[in-house]
Amino acid sequence: MNRTDIIRAAAESTEIGNPILNISIFGAFVLVTLVIVLRASRNNKTAADYYAAGRSFTGPQNGTAIAGDYLSAASFLGICGAIAINGYDGFLYSIGFLVAWLVALLLVAELMRNTGKFTMADVLSFRLKQRPVRLAAATTTLAVCFFYLLAQMAGAGGLVSLLLGINDQVGQSVVVAVVGALMILYVLVGGMKGTTWVQIIKAVLLIAGAFVMTVWVLALHGFNLSELLGAAASVGGEEVLNPGKQYGVSDLSRLDFVSLALALVLGTAGLPHVLMRFYTVPTAREARRSVVWAIWLIGAFYLFTLVLGYGAGALIGADTITSAPGGVNSAAPLLAFELGGPLLLGFISAVAFATILAVVAGLTITAAASFSHDVYASVIKKGNPGPGGEVKVARITVVVIGLLAIVGGIGVQGQNIAFLVALAFAVAASANLPTIIYSLFWRRFSTRGALWSMYGGLGSAVILIAFSGVVSGSETSMIPGVDFSWFPLNNPGIISIPLGFILGWLGTVTSSRREDPAVAAEMEVRSLTGHGAEKATSH
Amino acid sequence: MSNDARSAPLTDFAEVEASEPFRRLKKRHRSFVWPLTIAFLIWYFAYVLLASYAPDFMSTKVWGNINVGLLLGLGQFVSTFAITTWYVSFANRQLDPLAAEIRADLEAREGVAR
Chain A
1 MNRTDIIRAA AESTEIGNPI LNISIFGAFV LVTLVIVLRA SRNNKTAADY
51 YAAGRSFTGP QNGTAIAGDY LSAASFLGIC GAIAINGYDG FLYSIGFLVA
101 WLVALLLVAE LMRNTGKFTM ADVLSFRLKQ RPVRLAAATT TLAVCFFYLL
151 AQMAGAGGLV SLLLGINDQV GQSVVVAVVG ALMILYVLVG GMKGTTWVQI
201 IKAVLLIAGA FVMTVWVLAL HGFNLSELLG AAASVGGEEV LNPGKQYGVS
251 DLSRLDFVSL ALALVLGTAG LPHVLMRFYT VPTAREARRS VVWAIWLIGA
301 FYLFTLVLGY GAGALIGADT ITSAPGGVNS AAPLLAFELG GPLLLGFISA
351 VAFATILAVV AGLTITAAAS FSHDVYASVI KKGNPGPGGE VKVARITVVV
401 IGLLAIVGGI GVQGQNIAFL VALAFAVAAS ANLPTIIYSL FWRRFSTRGA
451 LWSMYGGLGS AVILIAFSGV VSGSETSMIP GVDFSWFPLN NPGIISIPLG
501 FILGWLGTVT SSRREDPAVA AEMEVRSLTG HGAEKATSH
Chain B
1 MSNDARSAPL TDFAEVEASE PFRRLKKRHR SFVWPLTIAF LIWYFAYVLL
51 ASYAPDFMST KVWGNINVGL LLGLGQFVST FAITTWYVSF ANRQLDPLAA
101 EIRADLEARE GVAR
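So the sequence lines, in the order shown, correspond to chains A and B. So that you can map any letter, position 287 of the first sequence is 287 in the working numbering, and since no number is skipped, the others follow by simple counting. So that you can map any letter, position 82 of the second sequence is 82 in the working numbering, and since no number is skipped, the others follow by simple counting.
Hints in this document: simulated from the structure, not taken from any laboratory. For each residue, glycine too, the CB sits at the ideal point set by N, CA and C. It is possible that part of the hints are untrue.
[As the list claims (entries may be wrong)] Far from chain B, by Cβ distances over 12 Å, these chain A residues were calculated:
id : residue
1  : N18
2  : L188
3  : L218
4  : A233
5  : D319
6  : G388
7  : I396
8  : V462
9  : F467
[Stated by the list, open to error] Derived CB-CB ranges, DEER-like:
id : chain 1 : residue 1 : chain 2 : residue 2 : range
10 : B       : G75       : A       : V215      : 15 to 25 Å
11 : A       : F467      : B       : G75       : 31 to 41 Å
12 : B       : I66       : A       : L403      : 44 to 54 Å
13 : A       : P387      : B       : D105      : 28 to 38 Å
14 : A       : V174      : B       : A100      : 47 to 57 Å
15 : A       : V215      : B       : S89       : 45 to 55 Å
16 : B       : K26       : A       : S24       : 54 to 64 Å
17 : A       : L252      : B       : Q94       : 22 to 32 Å
18 : A       : R514      : B       : E101      : 29 to 39 Å
When you get a sec, could you build the whole thing from the sequences and use the hints?
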């Protein structure tokens, strides 16, 4: 029996590596982060401490946390698997995720940091009518967080069967509940500070692990990229080196990819959990440094996944990967096992769980901040929530969202809902980004424009997805039995993103109400100079 | 209803906005970020469209198993890193000192007003 046969046999019996070792390494991660979270949370007193970590992180720290927040299990396991199986098209996907950061760097990060306080809505409602705009921004924030969260929790179930050898429904549900409960604990106790440390530690482990595996794979191929590509092509066929294996099947699939590319490149700068991270640093300059660090780390990581994906294709082969439990997602863990045996697999598995934990924690604190700061304090309590009231509501919201995530995560086990991540990006690009850009750069932009753009962008993206092939009409749909689909693409971005921009413009030019020019002037001066921006809290 | 993110209006911001240093800062910022944004978006979509609609061109071998598509893809990484570095050095040299000057001036004036 050669090594591939051993892996195949191991994969079929669903026990690759040693589940107890995998759990122990993850347990050690939980223990270490928990101690750090508890120590970090001693100073959590005010809303600025709880939502924005007292604005006390440095640019490099925050940039690492951003990488930890952004590199979800989908981008680690998913992109490695996509490159291993579909070759070049998986790589194409990762480029959109990286280039998108330039929008955040050039247009959004510093101006947002200078103008806002805790949430995206702070900036959007700065010079427009407070309550309707805040409510709309909170709605799109909660929608994006919900879609993203559900996708992460569904991923957790798949990981459990792959890494812990637990295949029955009850066992998987228990693990999802444990991951959810841990997340609630971190966010409840640690607030943004705790969440940030979990993300920093996870990012360091993930990038270091990927780096070691990358060097290893390259060493096996004489540090020659061409040789690695040749090895991948000799196993998976010449077409893995060329574009089109996944997206080039038909004209429709090509258009679908262009639509996805649009959502990826414009969505990142509108993701509320990414935007919120800019408030954890003391100045706009540090916000800029954060993005620079994030771009280098994320860029390096995606270069690693290129090597890892082709490495998995060459050393393990697409057939073994697709037939393993977890399917496409098993490429990186199988490669870890092939290279470093059960110990490296245990490490990578623990990192994958830590990834889900860190990303879910970031989404939860963003959703909780948006609900308590925008909906409760500003809309319901009209800006006077009373001392401590806002943070109390935020903590309650964390528990509610955590429980919803657990129930949702158990409910969607085995469902094909990978499209939710793409939907989250599409909503961020169609509902959030137009209003952010218009608020920061167009003085005439009005309340009506903001509302039309946000509700129109959100509504069109969700409706188009609901009537597309991913929800009904084919065997791989979420609801396979029925067919009410009429939208031919799987990604709504190509329609909904231009629509969001057009509605924002149309709402503004048809609006007779003029916004206060004095406040517009104040926002412009503050956004560019940092005058009056929230400072770090000192303890 | 007040916006808690807004400070009390001690300053006439319209006057600051119309002042020469601020207009200079705004022009410098916008005339740098917008052309660059448009340029990298065109470059990115040119790449995406080539990969989608010109796979034969992208599959042309350049050296060993390295083809045009891989080189252009890695080119996206290089351009992203280069734009990042360029913007940071521009902002550090051209934007930050001017912004700090205007901010100091504003704070001094507000100090007098109080």
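So, going through the hints one by one against the coordinates:
no.: 1; hint: N18; in the structure: holds, 36 Å
no.: 2; hint: L188; in the structure: holds, 24 Å
no.: 3; hint: L218; in the structure: holds, 14 Å
no.: 4; hint: A233; in the structure: violated, 6 Å
no.: 5; hint: D319; in the structure: holds, 21 Å
no.: 6; hint: G388; in the structure: holds, 15 Å
no.: 7; hint: I396; in the structure: holds, 21 Å
no.: 8; hint: V462; in the structure: holds, 24 Å
no.: 9; hint: F467; in the structure: holds, 24 Å
no.: 10; hint: G75(B) x V215(A): 15 to 25 Å; in the structure: holds, 23 Å
no.: 11; hint: F467(A) x G75(B): 31 to 41 Å; in the structure: holds, 38 Å
no.: 12; hint: I66(B) x L403(A): 44 to 54 Å; in the structure: holds, 51 Å
no.: 13; hint: P387(A) x D105(B): 28 to 38 Å; in the structure: holds, 36 Å
no.: 14; hint: V174(A) x A100(B): 47 to 57 Å; in the structure: holds, 55 Å
no.: 15; hint: V215(A) x S89(B): 45 to 55 Å; in the structure: violated, 31 Å
no.: 16; hint: K26(B) x S24(A): 54 to 64 Å; in the structure: holds, 57 Å
no.: 17; hint: L252(A) x Q94(B): 22 to 32 Å; in the structure: violated, 46 Å
no.: 18; hint: R514(A) x E101(B): 29 to 39 Å; in the structure: holds, 32 Å
In this structure, the earlier hints numbered 4, 15 and 17 are contradicted, and the remaining ones agree with it.
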